[in-house]
Amino acid sequence: MITEVILPKLGQTMEEGSIVEWIKKEGDAVNRGDILFTVESDKAVLEVEATARGYLRRILVREGQKVPVLTLVALITREAGEDISSYEASSSSASMPGMAAQPAVETPVTVPGVSLPATADAGPLHPPGRIFASPRARKTAQEKGVELAHVAGTGPEGRIVERDVLAYLASRPKATPMAVKTAGALGVDLAAVGGSGVSGRIMRADVEAAVPVVVPAVTPLLTEVPAAESVPVTGLRRIIAERMANSHTTTARVTLVTEADATSFVEAREQLKASVSEAWGFAPGFNDLLGLIVARVLLEFPYMNARLSADGQTIQRLDYVNLGIAVDTERGLLVPVIRDAGKKGLHAFATEFRTLVERARAGKSLPDDLTGGTFTITNLGMYDIDAFTPIINLPEAAILGVGRILLKPAVRDGQVVPRQMWTLSLTFDHRLVDGAPAARFLQRIKQLVENPFLLLAMD
Amino acid sequence: MSKGKPIDPLETYGLTKEKALDLLRQMWEIRMFEERVYDLLGQNVIKGASHLYAGQEAVAVGAMSVLRDDDLITSTHRGHGHCHARGAGIAHTEEAKQEHYNKMMAELCGRETGYCLGRGGSMHIADVEKGNLGATGIVGGNIPVATGAGLAQQMQRTDRVVLCFFGDGASSTGNFHESLNMAGLWKLPVVYIVENNLYGMSVPITKAAAKLDIGDRACAYDMPGQVINGMDVLAVRDAVGKAVERARQGKGPSLIECQTYRWYGHSRSDPRKYRTKQEEAEWKSRDPIPSFTTRLVESGACTQAEIDALEKKVEDAIEVATKFALSSPMPAAEGLEKFVYAPFQWTPADYAHERALRVKCATGGPGTQRISFWQAIRDALREEMLRDPKVFVMGEDIGLYGGAYGATRGLFDEFGEERVRDTPISEATIGGAAVGAAMAGMRPVAEIMYVDFTPLAMDQIANQGAKNRYMFGGKTIVPMVIRTEGGAGRSIAAHHSQSLEALWTHFPGIYVVMPSTPFDAKGLLKAAIRDDNPVMFIEHKMLYGVEGHVPDEDYVIPFGVADVKREGSDVTLITYSRMVLRALEAAKKLAEEGISAEVIDLRTLKPLDMETIAASVKKTGRVVGVSEGYKTGSFISELAMRIQEEVFDWLDAPVVRVAAADVPVPMAETLEDAAIPSVDAIIAGIKQVLR
Chain X
899 MITEVILPKL GQTMEEGSIV EWIKKEGDAV NRGDILFTVE SDKAVLEVEA
949 TARGYLRRIL VREGQKVPVL TLVALITREA GEDISSYEAS SSSASMPGMA
999 AQPAVETPVT VPGVSLPATA DAGPLHPPGR IFASPRARKT AQEKGVELAH
1049 VAGTGPEGRI VERDVLAYLA SRPKATPMAV KTAGALGVDL AAVGGSGVSG
1099 RIMRADVEAA VPVVVPAVTP LLTEVPAAES VPVTGLRRII AERMANSHTT
1149 TARVTLVTEA DATSFVEARE QLKASVSEAW GFAPGFNDLL GLIVARVLLE
1199 FPYMNARLSA DGQTIQRLDY VNLGIAVDTE RGLLVPVIRD AGKKGLHAFA
1249 TEFRTLVERA RAGKSLPDDL TGGTFTITNL GMYDIDAFTP IINLPEAAIL
1299 GVGRILLKPA VRDGQVVPRQ MWTLSLTFDH RLVDGAPAAR FLQRIKQLVE
1349 NPFLLLAMD
Chain C
739 MSKGKPIDPL ETYGLTKEKA LDLLRQMWEI RMFEERVYDL LGQNVIKGAS
789 HLYAGQEAVA VGAMSVLRDD DLITSTHRGH GHCHARGAGI AHTEEAKQEH
839 YNKMMAELCG RETGYCLGRG GSMHIADVEK GNLGATGIVG GNIPVATGAG
889 LAQQMQRTDR VVLCFFGDGA SSTGNFHESL NMAGLWKLPV VYIVENNLYG
939 MSVPITKAAA KLDIGDRACA YDMPGQVING MDVLAVRDAV GKAVERARQG
989 KGPSLIECQT YRWYGHSRSD PRKYRTKQEE AEWKSRDPIP SFTTRLVESG
1039 ACTQAEIDAL EKKVEDAIEV ATKFALSSPM PAAEGLEKFV YAPFQWTPAD
1089 YAHERALRVK CATGGPGTQR ISFWQAIRDA LREEMLRDPK VFVMGEDIGL
1139 YGGAYGATRG LFDEFGEERV RDTPISEATI GGAAVGAAMA GMRPVAEIMY
1189 VDFTPLAMDQ IANQGAKNRY MFGGKTIVPM VIRTEGGAGR SIAAHHSQSL
1239 EALWTHFPGI YVVMPSTPFD AKGLLKAAIR DDNPVMFIEH KMLYGVEGHV
1289 PDEDYVIPFG VADVKREGSD VTLITYSRMV LRALEAAKKL AEEGISAEVI
1339 DLRTLKPLDM ETIAASVKKT GRVVGVSEGY KTGSFISELA MRIQEEVFDW
1389 LDAPVVRVAA ADVPVPMAET LEDAAIPSVD AIIAGIKQVL R
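Residue numbers (my numbering), protein chains in the order written: chain X, 899 to 1357; chain C, 739 to 1429.
Treat the hints with care, since some could be wrong.
[As the list claims (entries may be wrong)] Pairs of lysine-lysine residues, derived as DSBU-like cross-links and limited to a Cα-Cα distance of at most 30 angstroms, are as follows:
| id | chain 1 | residue 1 | chain 2 | residue 2 |
| --- | --- | --- | --- | --- |
| 1 | C | Lys-1425 | X | Lys-1037 |
| 2 | C | Lys-755 | C | Lys-785 |
| 3 | C | Lys-1356 | X | Lys-1079 |
| 4 | C | Lys-1356 | X | Lys-1262 |
| 5 | C | Lys-1061 | C | Lys-1076 |
| 6 | X | Lys-1042 | X | Lys-1171 |
| 7 | C | Lys-1061 | X | Lys-1042 |
| 8 | X | Lys-1042 | X | Lys-1241 |
| 9 | C | Lys-1356 | X | Lys-1072 |
| 10 | C | Lys-1050 | C | Lys-1061 |
| 11 | C | Lys-1369 | C | Lys-1357 |
| 12 | C | Lys-1356 | X | Lys-1042 |
| 13 | X | Lys-1037 | C | Lys-1357 |
[Claimed, not checked] Pair by pair, the computed Cβ-Cβ distance ranges are:
| id | chain 1 | residue 1 | chain 2 | residue 2 | range |
| --- | --- | --- | --- | --- | --- |
| 14 | X | Lys-1072 | C | Lys-1326 | 34 to 44 angstroms |
| 15 | X | Ile-1029 | C | Ser-1416 | 33 to 43 angstroms |
| 16 | X | Ile-1029 | C | Gly-1103 | 18 to 28 angstroms |
| 17 | C | Lys-1326 | X | Ile-1029 | 31 to 41 angstroms |
| 18 | X | Arg-1099 | C | Leu-1074 | 56 to 66 angstroms |
| 19 | X | Ile-1029 | C | Ala-787 | 47 to 57 angstroms |
| 20 | X | Ile-1029 | C | Met-1379 | 45 to 55 angstroms |
| 21 | X | Gly-1095 | C | Thr-1085 | 49 to 59 angstroms |
| 22 | X | Ile-1029 | C | Leu-1074 | 54 to 64 angstroms |
| 23 | X | Lys-1072 | C | Met-1379 | 54 to 64 angstroms |
| 24 | X | Asp-1226 | C | Pro-1345 | 56 to 66 angstroms |
Simulated from the structure, these hints should not be mistaken for laboratory data. Note that the Cβ used here is the ideal one computed from N, Cα and C, for glycine as well.
Chain X extracted, bound-state conformation (with noise of 0.2 angstroms):
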C-alpha cells in the first residue's frame, strides 16, 4: 500500500515552500507522527510528520527544492520493497485528493468547544424545541448516533420517520468506524475531513491528518540536552496547544474575580441531594446546580452567551445556551455540551451532563457532544484552587473559573462567623463585551448562589 507525501498548504497565505531537510532518509523505517522533512515557507520552518506507518520508499523533491503546495514530495510503502512503478512513470505533480483541502486557519475543524456556522453537511439546525419523529426513527437515530435536529423530516405533518434518518446517514461522508470514534475523541467534524480510503472512505489517518501542528521552529540548542521523557505534540494535546495559543494571542482577555457566600447554596444542595438522589439514582452535585444557574443568567445577559463571527467582522449573539463543562479525562481536557441549558430543570440537566461525561471519560464521545458550546465553565475547585485565569473557549466571548467552596471567617453584621466562601473568576474578551457589562453578569451569578430561592423568580 502507498501513501503518497505531498507538501501541505501550512498558513492561509502560503503557496510554496522549499524543503530545507529531509530528516528521515529513503528507505528509513516510518511510523505515524514521525517527522519526514523541514519546509521553509514565508514566515517560518516548519516540521511535517508522516501519517502512514512503512517505509520512505522515495524521495521524489530534494532539499532546497521550492515546489508549490500540495506537490507529491514522497512515498511511503507499506511494505520495504513495495512496487512503485506506477510513480516512476508520472511526474511529480499528482495532487491527492487526500489530505484535508482547507487550511488550518479556515478549515472549520470542530474542537472542543468551539461552536461550528452550520456547514453543509451537518443538514438545518433546527433551533432547540419540539422535534416530531416516529418511534422508529428516534430508536434509529439513537443507534447510529444521529441527532434528530439534523434530520429534514418528509412523514406526514414534516414527522421525521426512518428514512429520513436513513437518508441522512447515506448523505453523510462514509468513515470508518474507527474514524468516526477518533473524530469524537479529537472533537473533529467528519464533514471537513476528506477520505483517503476506498470510495473516499474516511480513515482515521484522514481525522489525525485534518489537524495540523503549527510549530515554531526550534533552536538547536535544546536538542543536546537529553529529555528523560518525550511526549509528541499529536492529537488531542496538539489541538489543545494550537487551540490555547490562538486563544491567548487573539483575545483581549481581562479576569474578574468574586467571592459568593455559598453557605445557602450548599445547604439547597444538600437538602436536594436528601430528596432527590434515592429517585433519581444519583446526587445532583456543585456542577449542575450551578451550570443551572450559569444557563440561565446567561439567557438575562445575551451580550455575554455571544460569540465572534468567524471572518471577526460580527459579535453574533444567541438566545440559546449550550453549556460546556470542562472535564479532565485520561486524554487530556475536554468539554461536553449540554444542549438548551437555560430551558432544562435541574434533573434532565444533570441527567444529560452524567451522559456525556461518562462517554467522554470512556472516549466514546458521540462528534455532537463535544461542539456548539456557546459558554464554558471550568472547575478546579477540587484541587484546592480559589482563583485562576482561564483562557476562553473561543469563539464564545467568555469562561468561567471555579474555585473551591472554603470554609472562612466572614463578616456579618459586624461579627466575624464562618461562612462557605466560593471564588469565581470570569474571564472575557474584551473586544465582545466591556468590563461593567461583564461584571454585572459575574455579580448576577453571585447573587444566585448566595440566595437560591431567587431561581424561581427567574423567567
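Based on these hints, arrange chain C on the given structure of chain X.
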C-alpha cells in the same frame, strides 16, 4: 280438626325419628347461619351482598331431603339455604358436616378456605363436584343451566334428577319460559321449585305477575304444577319427593310453587317499607322451625330435651364455623388470574404438527383433499362426534335442515335426533343449556344461527358460562362451543349481517375463534371441541363456499397461533375471517406497484398471538388492522393498543384501522358495499400508513 293426640308426622310421612331430627337440625343450621351472617354484615366483616334465606328453611331442607347423593341442584342469589341443605345432606359424618359449614361461612367472608376460594362469595357459592352447580347473581340465570344439566342426564342415560330453585321474581324472566318449555318438550328430569315469598326485591307479586299462582303456569309447558305450603317442611318433602320420583322414571319435569316468606329485607340495606308489620307478624307466626318442633313434641315423636340438645349443638357448630372463617386468610393478590381459563392441553408436538400441515395444505397434494369451508365444519363435527360420545350438536334448524348455511348437513342422518338436536327458538336457553350440559359432563356444540342473535344469549354464555370456572374457585370446567356466523354480503341488512366479535372478546373466560379457510376452520373447531374452555366460534356466511385443502389425517390447530398468510416487508396487515381474503387481494394488487405487504391472519382473537405480530411490526414498522366489525370499539382497536404497549419503538407511523362504518348494515347493495371494508379501502389504508 279433632281433639286428641296430634297426628304423628313420622308415621304420616314415613319418617324415622333420626331423619326428623336431621330435618330440624338443618333448618336450625340455616337459621343460625343467616342470623350470624346478618350480624357480621352489620359489623362490616362480611362485605358485599348477602340475601338472607331465613324464613324459607322448610323449602330447601324439605326438597333436598329426598335427593340422592348424586343428584344435582342449581341455586340463586338467595341460596345459602340450598347450599347448606345440599352440603349437609351429603355430609355423612360430623366432621364432614362441620367442614361443610366452615367452608360456607369462609366463602361468605371471602376467604381462601371457602367453597370457591373466596372468588364467588354469597351469590355464587357452588360445590360442583358434589352436585351443587352453583348460585348466580342474575335472577333466573340458573334456570337454563339446570335445564341443560337435566339434558345431560337424559343423554347420559342416568336416572339423576336436577332441582332448580328460583323465586317469584324469576318466574317473570324469559329464561323461565324458555327453560320450562324446553324441559317439558324434551321431558327432562328437572324439578322446578319456585320459592314464592311474595316479593321480587321490593315489588309484590301482585304488581309483577299477570297470574298470581305460578304453579298454575305449568299447563303451558305440558308438566304437572302445584302450589304448596312452603312453611311446612314435610309438605315440601312430600311434594318434591313425588316430583323427583316422576323425573327419575323418565316422566319429565314438574313445577312446584312453595309459598313462603323471608324474614329479612331483600338485602341488608332494605328497610322493607313495601311490607306491613302485620303481614310480617302473620308469616312469622308460621315460622317453619317452631311449627315443626311443636309437631314433633306434641305428637311424642321427640322430647323437648332432645330438641334443646340439638339446638345447643347447632349453636356450638355456628361458633366453630365463624371462628374458622374469621381466622382464615384472605386469598393472595398474586393469585388473581388463576382459574380464569382451564389450562392449555396443546403439546409442542401439536404446534409442530400444525405448522407442518399448514405448509402441506397451502399447496395441496397427496395426503390432502380439497373441500369447501362448510364441509370442513361438518367434517370436524362428525369426526369429533365419532371420537367422543359426549359431543353433541344443538341449535335451530341444524337437524334435518342441515343448518341455515348447510354446515351440519348429513349429521342428522348419521347420528340421529338426540345428538343432532333441533331446538325451539330460545337463544338464551340454547346458550344456557349448553353451559349446564357442559358442567354436567357433556361436550355440547350449540349453534346460534346468526352472531346478531348472540346478545340474546349473552347472559348465559358470558355471565354464567364464561365465569363459572373462576367464580367457583376453579372447581369446574365449561367445555362448550358456541358456533355462530356473521358478516355482510348478502343484503340481509342490520340484524343478519353484523360482526360482533369485539363484544365477545371483552369477557374474561371465553375464547374467540374466527377461521378464514377450510384448513383453519376444521383444525380450530376440532381444537375448540377438545378444549375445556367455553369457545365462541364465529364463522362467516360468505366463506362457506370457499375451498381449500385439508389433511386426511386427524389434526388440531392450537389456539393462540396466528398464520402469516403472505410475507412482506413494507407494511403489516393484521386481520381475520373474510377480511383475510380481501387483504390478500389488496396485497397482490400493491405488489404490482412495488409495495410488499405482509398479511397476518389472527385465527384466534383470544388468545392472541402477540409474538407473531410483534415480529412483523419490528420488521415493517407500519401496521394496518382490517376488521368487518364496526370501527368504534372494534377488535383492531384493542390490537393497536397491544402493539403500542409492546412494540411502540418500532412503529414508524400510527396504526391505521380499516373497519366497517359505524352504521347499521344497510340492505341496498351499494350501501352495504360502502359500509364494509373493500379491497380499495384496504389499499387506501395501506397507502395512508406508508406516507
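Hint-by-hint comparison with the structure:
no. : hint                                        : verdict
1   : C:Lys-1425 / X:Lys-1037                     : 23 angstroms, holds
2   : C:Lys-755 / C:Lys-785                       : 39 angstroms, violated
3   : C:Lys-1356 / X:Lys-1079                     : 29 angstroms, holds
4   : C:Lys-1356 / X:Lys-1262                     : 28 angstroms, holds
5   : C:Lys-1061 / C:Lys-1076                     : 27 angstroms, holds
6   : X:Lys-1042 / X:Lys-1171                     : 35 angstroms, violated
7   : C:Lys-1061 / X:Lys-1042                     : 67 angstroms, violated
8   : X:Lys-1042 / X:Lys-1241                     : 26 angstroms, holds
9   : C:Lys-1356 / X:Lys-1072                     : 27 angstroms, holds
10  : C:Lys-1050 / C:Lys-1061                     : 17 angstroms, holds
11  : C:Lys-1369 / C:Lys-1357                     : 26 angstroms, holds
12  : C:Lys-1356 / X:Lys-1042                     : 17 angstroms, holds
13  : X:Lys-1037 / C:Lys-1357                     : 14 angstroms, holds
14  : X:Lys-1072 / C:Lys-1326: 34 to 44 angstroms : 39 angstroms, holds
15  : X:Ile-1029 / C:Ser-1416: 33 to 43 angstroms : 38 angstroms, holds
16  : X:Ile-1029 / C:Gly-1103: 18 to 28 angstroms : 55 angstroms, violated
17  : C:Lys-1326 / X:Ile-1029: 31 to 41 angstroms : 38 angstroms, holds
18  : X:Arg-1099 / C:Leu-1074: 56 to 66 angstroms : 58 angstroms, holds
19  : X:Ile-1029 / C:Ala-787: 47 to 57 angstroms  : 55 angstroms, holds
20  : X:Ile-1029 / C:Met-1379: 45 to 55 angstroms : 25 angstroms, violated
21  : X:Gly-1095 / C:Thr-1085: 49 to 59 angstroms : 56 angstroms, holds
22  : X:Ile-1029 / C:Leu-1074: 54 to 64 angstroms : 41 angstroms, violated
23  : X:Lys-1072 / C:Met-1379: 54 to 64 angstroms : 41 angstroms, violated
24  : X:Asp-1226 / C:Pro-1345: 56 to 66 angstroms : 57 angstroms, holds
Comparing the model with each numbered hint stated earlier shows that hints 2, 6, 7, 16, 20, 22 and 23 do not hold.
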